[in-house]
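Trainee: Heads up: the protein sequence lines correspond to chains Y and E, in order.
Under our numbering, the first residue of the first sequence is numbered 557, with each subsequent residue one higher.
Under our numbering, the first residue of the second sequence is numbered 10, with each subsequent residue one higher.
Rather than coming from a laboratory, the hints here were simulated on the basis of the structure.
This structure is a prediction, so every number in the text was calculated from the model and none was measured.
It is possible that some hints are incorrect.
Claimed, not checked - 35 Å max Cα-Cα, derived DSBU-like pairs, lysine-lysine:
no. : chain 1 : residue 1 : chain 2 : residue 2
1   : Y       : Lys706    : E       : Lys542
2   : Y       : Lys706    : E       : Lys526
3   : Y       : Lys704    : E       : Lys184
4   : Y       : Lys608    : E       : Lys300
5   : E       : Lys78     : Y       : Lys704
6   : E       : Lys357    : Y       : Lys706
7   : E       : Lys312    : Y       : Lys615
For reference, the chains in residue letters:
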Amino acid sequence: MCCNCKKSDLSLLDGTLAKYAGVPGSLITILQKAQEIYGYLPTDVLYHIADKIGSTPAKVLGVATFYTQFRFKPVGKYLILLCQGTACHVNGSERIADAVYETIGIRDGETTDDGLFTLTHVACLGCCSLSPVMMINGDTYGSLTPAKVKEILTALRENG
Amino acid sequence: MTRIVVGQGSCGIAAGAGKVYAALEAALGKERDGVSLGITGCIGMCFLEPIVDIYKDGDLHRLVKVSEKDAEVIAEAVRSGDMSKLCSLEISKEDAEFLSKQTRIALRNCGITDPTDINSYVERGGYGAIKKVLSEMTPEDVIETVKVSGLAGRGGAGFPTWFKWNAARKAKGEKKYLICNADEGDPGAFMDRAVLESDPHNLLEGMLIGAYAIGADEAVIYVRAEYPLAIVRLEEAIRQAESAGYVGDNILGSSFSCRFRIKAGAGAFVCGEETALIESLEGNRGMPRLKPPFPAEAGYWLKPSNINNVETYANVAWIINNGGEAFAAMGTPTSKGTKVFALTGKIKRGGLVEIPMGKTLRDVIFDIGGGIKNDAEFKAVQMGGPSGGCIPAELLDTVIDYKELSATGAIMGSGGMVVMDSSTCMVGMAKFFLDFTAKESCGKCVHCRIGTKRMQEILIRIVEGKGKEGDIELLEELCRAIKDGALCGLGQTAPNPVLTTIRYFRNEYEAHIKDKKCPAHECAELLTFSIDKEKCRGCTLCASKCPVSAISGEKKSAHVIDAEKCIKCGQCRTLCRFGAVKVD
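Let's have the full structure, built from the sequences with the hints guiding it.
Mentor: Take a look at the structure:
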C-alpha cells in the first residue's frame, strides 16, 4: 500500500468492480468509472483496482498514464477543456489560452489555488466551425474572443 | 400538420440550440393544434447554427441563427400560418447553395431524421437494407456488391472495404468480431461525430450488414471520450434497435445474431490505428502491434476481426439498397462514391460537405464554402490532419481522388479541410502538427518517439528566430528516417505536414532562418511593433492598455513603443482606431 496519500473510500467502487473485475479487457472502463466517482484517480484507488482485477499496480498505472483522459490530482469545480484542434489554432486558440491565464492565472494542467478552476488542453473537441472553442463542465462555448473568455470565467468565479 | 425541428448536434447545442428548443416549447404552450416540436441532428451548416426547420404543407422553411428571443415570433407565425413574418430569419439563397450543391449518401439522414427515434429512421427506408440482405443475399453476395461499389476505407488509408471483409470472412475461426473505429482523432475532422450524433441507426445498419458478411456475432463501437453526446445517442439507438428486433439474437427471424457494445476511448490519437485500437479495447496501453498478422486473421482477442471507420459503414446500407453500380457511377476511375469533408478555418461557410469524388478543391472551398473569410487571400488548405499536408493555391484545381491528393504530398485522410489565409504562418503550422504528433507518439518506435521530438525542437527554434543554416535539410533527413523507421501510420505520416510546407513554402522557412522574419506576421518573436507618427493622434488608449507599459507619449502627440519592454502581444494594434500601429 502506498504511503503519503489520503485514504479514499474504496467501497464506492464496489459496484463497478463487481460488474467489471471479472470481464477481460475492462481496465479502461473501470478507470473511467473510478474517475467519475472520485473526480481523479487517487493512488490508493489504483492499487485497489490492481488488487481486485488480479493485475499489478505497474500495469494499472501504465495504462492510466497512457491516456490523456485520466488525472492523478484533484480537479477544480470547473474543468476547462481548451481545444487545441487545427481550426482552433488557425483561429487563435493561443490568444484564448493567454486570456485564461490573464483572468485566472493558470496554464495547461494547473488548478487555481482556490480549487475553483482546472485548465486542460485537449485535442479537437469537434466543434471546428465554432472555433476557437472551450468546454466547461460539459458545456461548449464557441467563437471565443479574449474578452468573451474573461467575461465567462469572471461570471463563473463570482458564482463560486 | 406543421412540424418544427431544432438541429441538436454538438455544434448546434454549443451555439444555443438547447435554449432555443426550450424557448419554443414555452412559446408554443400546451395547446398545440396540429403543430409538433422535435429535434434532429447536425444539418452540417455549422456557420448558421442554431437552425430551426419548419415543415409546413410540404414546404421547408429553414430559419438560421435563431435565438431564444425569436421563439415568440416563430410560435405566432406557425399559429397564424403566416410564414412571411419569418422571412428575416429564413436562410439566404446563397447560403442554401451550401447544401443544394452537395450529394449526400453517408449524411443522407443527418439533419432530417430524429436521431433519438428509430421510427424516424425506419420511415425513410431505414433497416430495409438489412431485411434485403437477410432474405435475399448470401454473405458472398454482400461482399461482391461492396466490391462492385468500389467503397474504400474513409478513415484515411483508403483500403478497399470488400477486401478486408473478404479476408475476415475467409479467416478460420468460429468467433469473429466486427469493430467500428469511431475514435475520430484528427484535429479538424468531425464528420464521424455528425453521423454518430445525427444518424446512429445508419451506422448500426451498416455494421449489421458487415457483421453478416464476415460472419461476426459481436460488434463493438470504439468511440472517443470527447464525444459524450455521441455515446448517449448510440446507447439509445442500440436499445431501440434491440427492442425492434434489428439487433440481438435471430435478427428478423433469421439465424443471424449480432450483439452490440460501446467502448469509450480515453484520449489517445494513436488509437485510431487499428491494432492500437484493439490493444485499447483489450484494456491495454494503445500501442500498435506488428503486422502481419493482420486483424482479419488475429485481431481482437486474437480472433479474426474487421475494423472500419464510421463513414465507411454509413455508406453500406445505401449501397445495398441502390446497388454497387449506382455508387461506382459517382467519382473517378480510382475513387468511387462520395466523401464527406469538414470544412473549417478561415472559410466563410464552414461545416460538413459531402460531394462525389472527382470534384476539385476549388469547388469545395470557393463554390460550396463561399471562399475566404473577409475576402482575404487564399493561401493553403490543410488536408488529412497530422498525417496530411498543406496544399497551396496553385494546386486548387487538384481533383479529389485518393491518388491525386497523395501526389500533392497531402492525403485524403478522414476528410478534415482546414483553410488558411495569408495570416497563417506555414512554419508555425508545421510546428503545430509536430507538437501534436510528438505528444501523441506512443513511444514504441524510437524514430517516431525521438525523431518527432527533435523535429519539434528544430521547428521551435525556427519560429523563435534562432534557426540555423542547414535546419531545413536536417528536417528533411529526419522526415525520411521517421518514415522508414516507424511501425504504424502515425509515425510514417507524421513528417507529411513538414515535408509539404517545405515543398510549397520553402521561402517562408528561409525568411525565418536567414532574415529572421515571419512573412505571415504570426511568429511573435520575429515581430517588431512600432507606431506611425503620421497616423498617431496621441489618444493614449494604447499606452493605458499596454500590459507592460511599453508605450509612452504625451496626449495629442505621437506615441513610441519601447522595443525592449514590448512583449509583442499585439493589443495596441487591435485597439488603435487609426491604424497607426505597424508590425514588421
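Trainee: Verify the proposed pairing of Y:Lys706 with E:Lys526, using a straight-line Cα cut of 35 Å.
Mentor: Judged against 35 Å, a Cα distance of about 32 Å means the pair holds.
Trainee: Could you grab the alpha-carbon distance between Y:Lys706 and E:Lys542 and see if it respects the 35 Å cut-off?
Mentor: Answer holds: Y:Lys706 to E:Lys542 is near 33 Å, not above 35 Å.
Trainee: What's the verdict on Y:Lys608 and E:Lys300, does the C-alpha distance respect the 35 Å limit or exceed it?
Mentor: holds (33 Å)
Trainee: Starting from E:Lys357, check that the Cα of Y:Lys706 is at most 35 Å away, please.
Mentor: holds (26 Å)
Trainee: Take the C-alpha atoms of E:Lys312 and Y:Lys615, compute the straight-line distance between them, and say whether it is at most 35 Å.
Mentor: This hinted pair holds, its Cα atoms lying about 24 Å apart.
Trainee: Within a Cα-Cα threshold of 35 Å, do Y:Lys704 and E:Lys184 meet the stated pairing?
Mentor: Status violated; Cα separation ~54 Å.
Trainee: Run the distance test for E:Lys78 versus Y:Lys704: straight-line Cα separation, threshold 35 Å.
Mentor: Holds, at about 21 Å.
In the structure shown, a violation is registered for the earlier hint numbered 3 alone.
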